[in-house]
Structure formats: C-alpha cells, structure tokens
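**Student:** Here the protein sequences line up with chains A and B, keeping their order.
Going by full-length UniProt numbering, the first residue of the first sequence is number 1, and it counts up by one from there.
Going by full-length UniProt numbering, the first residue of the second sequence is number 1, and it counts up by one from there.
In case anyone wonders, no lab produced these hints; they're calculated from the structure.
If you're wondering where the values come from, they're calculated on a predicted model, not measured in any experiment.
Treat the hints loosely; a few may be bogus.
What the hints assert, rightly or not - List of simulated lysine to aspartate or glutamate pairs, EDC-like, C-alpha gap at most 20 angstroms:
{"no.": "1", "chain 1": "A", "residue 1": "Lys108", "chain 2": "A", "residue 2": "Asp153"}
{"no.": "2", "chain 1": "B", "residue 1": "Lys128", "chain 2": "A", "residue 2": "Asp95"}
{"no.": "3", "chain 1": "B", "residue 1": "Lys128", "chain 2": "A", "residue 2": "Asp280"}
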Amino acid sequence: MIEFRDVTKQYPDGTVAVDKLNLTVEAGTITVFVGPSGCGKTTSLRMVNRMIEATSGTILIDGKDIRDSEPALLRRGMGYVIQQAGLFPHRTVLDNVATVPLLSGWDKRKARARAAELLETVGLPAEMGRRYPVQLSGGQQQRVGVARALAADPPILLMDEPFSAVDPVVREDLQNELLRLQGELDKTIVFVTHDIDEAVRIGEKVAVFRKGGVLAQYGTPADVLRYPADEFVAGFVGRDRGYRGLSFLESSGISVDRVETAKLGKPRAETVADWVLVLDSDGHPCGWLPPGTSVDGSLTREPLVAGGSLYTTGTSLRGALDAALSSPASRGVVVDEDGKYVGVITARQVLDLIEGHPQAVSKT
Amino acid sequence: MNSFGNAFAWLFAPEQWSGPSGIPARVLEHLGYTALAVLLGLVIALPIGMVIGHSGKGGFLVGAVNALRAIPELGLLILLVLLMGIGLLPVTLALVVLAIPPLLAGTYSGIRNVDRSVVDAARGMGMKEGRILMRVELPNALPLILGGLRAATLQVLATATIAAYVSLGGLGRFVIDGLYLRDFAQTLGGTIVIAVVALALEGLLILLQRLVVSRGLRRNPTRRRDRTVRPVEIAVETA
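Same shape as in the complex, but just chain A (with noise of 0.2 angstroms):
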C-alpha cells in the first residue's frame, strides 16, 4: 500500500508541480494516474522512489515513511519502467533484465538464470537474451524493461508512461500482457499515462490529474467516465466516455435471438433469400452467406463474407455493441466462452438494454 498523505512539490521557481496530494494506492492493484502535461503525475511518481524529493507531505510504504531508507535501497525494492525503456545499451538483454538481482548482490549465475526466466514470462524466446537492445523493436524493448523490473520481485512496480513511445497496436498487445502478468503477480502497480483510453483499459483505480497537480478525481475507471467529478474531468475523459463506459455494463440478462444456419461442408442446393450464418462442424462462426448466393453442392468457405467482432456472453456490452455494428448481416454474433454460436443479436437490444442501466449514460 501506498500513502500520499498532503504530498506538496514545489520547484525553487516557485512552480507548484503537486498540490496536497492526498491518496492511497491499495495493494496489488493497477493504480493509474492520468492528465494533461504538466499535471503533475509523472513527478507524483517519481517521489514514490525518491527520484524526486517531496517538498512537504509524507510518502508512506505500508506504513513505512520513505524518507527513512536510503534512496538506492528504496528504489531496489521497486520495479521501474519508463518510457523509453532506458535499457542499457552496452549490455546484453540478458544482463540488462539481471541488473537489479546483481545490484542485489546475487551471484552472476543465479541472476542470469531468473532473467532468462523472466524473459520468458513476458513473452520473449530465452535467445533474445544474447541479443543487444538496439538490436530489437521498441516493443520488444519495453518488455525487455518490464522484464528488468520484476527482475528481483519486487512488490511495487512504477511504471512511467512506459507504452507510450510504441505503435497503437503493439501498445495493446503490452496491455494486455501486463494485466495478464498481474494476474499472475498481484503486484502494486502505480501507472502514468496521458491516454484515458489505456487509463481506463488497464486501470483498476483512475487518479485524473489537472494542471497545478491537483487531484482532480480518484475511483474505479467505470465511476470517473459515468460520474465525472466536475467539468474538467468531463472534458479530460472525452465525448464519447458514454461509449466507454459500456465497457463496464455487463450483459446479464441479454437476450439473444436465433438466425438461419448451415453447415460448413455439407451439401445445398438453393438460392437463399436472407442472411444465413455458416458454422463448422464444431459449431464456431464462420461468416455469413450473403442473400442471393446461390449454391450448388457441398458449402465451401469461398461465398462466405466475413463476419464482424464476436461477441462472448458475460463480456461487457460494448462488446456487443461492436458486434452487431461491425457484422455485415446487421446482427452481432453471440458466442459462448468456447466459442461455440448461441445467437445473434442487433444493436437495437443492445440499446435497449443499455437505456434499461440506470447509471449506463451520464448527464453532461
């Protein structure tokens, strides 16, 4: 757990970076802190590990006022991750994610040992270990630096807009992987980022930052986008927050409806007049048959248009909203957690279902 109790940073200019930030990361959560530039929250951050000194306030560790370890010691006990992965150029991977470890004087086989190991937790083929940071991509890097912070498990992992410098795609792949390794690790994570979308995604509590670093709100990603604190979080986290919010109502209770289905591989002959849904001999999805297709003999893969998203019952309602938007036949496909095809649905319920929420779209 972590406690910042009345937390003020003020630079010699006068230039106020933190204004009494009082807050409280829980343990083995994904804290997330979000704003503008100038906000504040990188230095928030950055006091966690002394890399910047508090000017007044108390920054408490489980009860343990940071003040009183020595800054290195301090900084050990956490994972650190920034943005440009900040690996060392001059050393292998494998060295690079054994540093902390050997800083922590392990001896030089047990340490390289873990870092072949934690290479492999975060996705990486143990080889990559020989390789030298500029030999690989900027995604690949940024695992190499998540590697290198939970080298020696530490129960703390900082980490500093640590996604930002990739390509939006490879940013979600990293997304994913780190709440896949928090569900394994069950680490207190604080994360800094100026995207509401991955502050929202990866975050299970949302600190919103304004400028002059003042607390602008602090509770669950799904709070902060339905009960925005005031005008300015209602304009930090963006129009379409409505939008994003479905992504914490959940479909209990949808209701599905049935569609025409034929079997991949079985033998037809006819023109069909509406949209017809094609499932393999398992039952999963495999697109849909347009009106009008004709087909003689057995149902190949070929006239099939692809299908939209697929939507897995119990998953969040923009889930659903995506399917049936994104399906050519204007019904979302409706899966079961193996896959397999339970029904189809249209926005339209969707909709309905979302007017039923009470808290499911703001006032703005």
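Assemble the complex: chain A is given as a structure, and chain B must be docked to it using the hints.
**Tutor:** Same frame as chain A, now just chain B:
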C-alpha cells in the same frame, strides 16, 4: 622524386638501424615521450571530464581548456625550458597541454551524450552515482573517449618531434639534425618514419577500440550466426 630516392636510401642504410641513434632507438624514445604525455593527459582529463559530464556542472571548463589548443607549441616549450632548464619535464608538460583538450572534450561529450533515459533507469533501479558513472556512463562513452584518445595520441606523436629542438632524442632528431646539416634525405627519412609510426599507432588504437567497446554500441552488432534470423538484413547486404 630524387629527394625521395635519397630519403629511402638514407632509410635503408644499415647504419640507421642500430645503435643509440639508430631508427629503432629513436622510435622507442619518441613513443616514450608520447606515451608519457598521453598517459598524464588521461590521468588529468579523464576524471575531470567524467565528473563534469556526470554532474553537468562546469561544462564551461571544457571550452576554456579547448582554448589551450591555440597556444603555439614551440613557444610554450621554449618558455618552459627557460623556466625549468633543459630536460624531459618541460617537453612532457608542453605535450600534456596538447593532449588534454581532445581527451577532456571526448570524455565530457561521451558521458554527456549517454541517453538520459538510460541514466534515469539506472538510478531508478537503485544504482548509486559512482556505479552509474563507472558501469553505465563510462562504457557507453567509450567510443567518444577513445576518439579523443586517438586524436590526442596522433597530435602528441606528431608534435613530440620538437623534443629534439631542446636537445632530447626521439624521431625529431633526424628532422632537426637534417635541417641543421642541410641533409634533407635525413629530414625527409625521419618524417617518413614518424608518419609510419603514426599510422601504425592509429591502427593499434582502432584495434583497441574494437576490443573494449561493447558490441551493443556498434552500428551493426549482429553476429554472423545471428544473421539467419534477420533475413531482411541479408537481403540488403546481398543486394
């Protein structure tokens, strides 16, 4: 062409290759002056450059020291000899003054140019300042430091010729004696030897650079056996 012919005749005459005033002995003396001055220069410039580079404070000193390059070397040597008398000390001091600016500039800019995010990460992981300097900044600064070392060495080696001007040895003996005796074959021959020694030393330093600089800092650190996993690179190389 004729003068070169004479110079080579002088060079290959057996009497130049033995004794205390033969070419091998003079080469050793010359390398001795050079090594002494460059090492002293390193002892002074390396720590100062590292501290200034690491702390970011006192960068003006690098510029100020650079101004030393403008001092006429022969004038400085004569001044020092007048102050201290003839000997190795004034010669070495004059050469050290020459060695320091490139060494200091190389070290300072080498340390300064290490990616700040790398240093930030090192500190954030719990490295102490001394360790950051020695284990992170220094290895990454090596290419520029060694660049400074090469520049300093070559300049000192070329200028060590003036040792002979104040009655010391070295390859300058041939050049200066040749001038006095109007034996231009000897002057040119000595000059050729200096050039050859300079080239050889440069080659050695490049080799040293290959040995001590991490492969991760080269433009293309790919090992031969890693090539198989980088087909794009092979395609580019064979194209």
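**Student:** For the pair supplied as a hint, A/Lys108 and A/Asp153, is the alpha-carbon distance within the 20 angstroms limit?
**Tutor:** holds, 17 angstroms
**Student:** For the pair supplied as a hint, B/Lys128 and A/Asp95, confirm whether the alpha-carbon distance does not exceed 20 angstroms.
**Tutor:** holds, 18 angstroms
**Student:** For the pair supplied as a hint, B/Lys128 and A/Asp280, is the alpha-carbon distance within the 20 angstroms limit?
**Tutor:** Violated, at roughly 61 angstroms.
Against the hints set out earlier in the document, a violation occurs for number 3 only.
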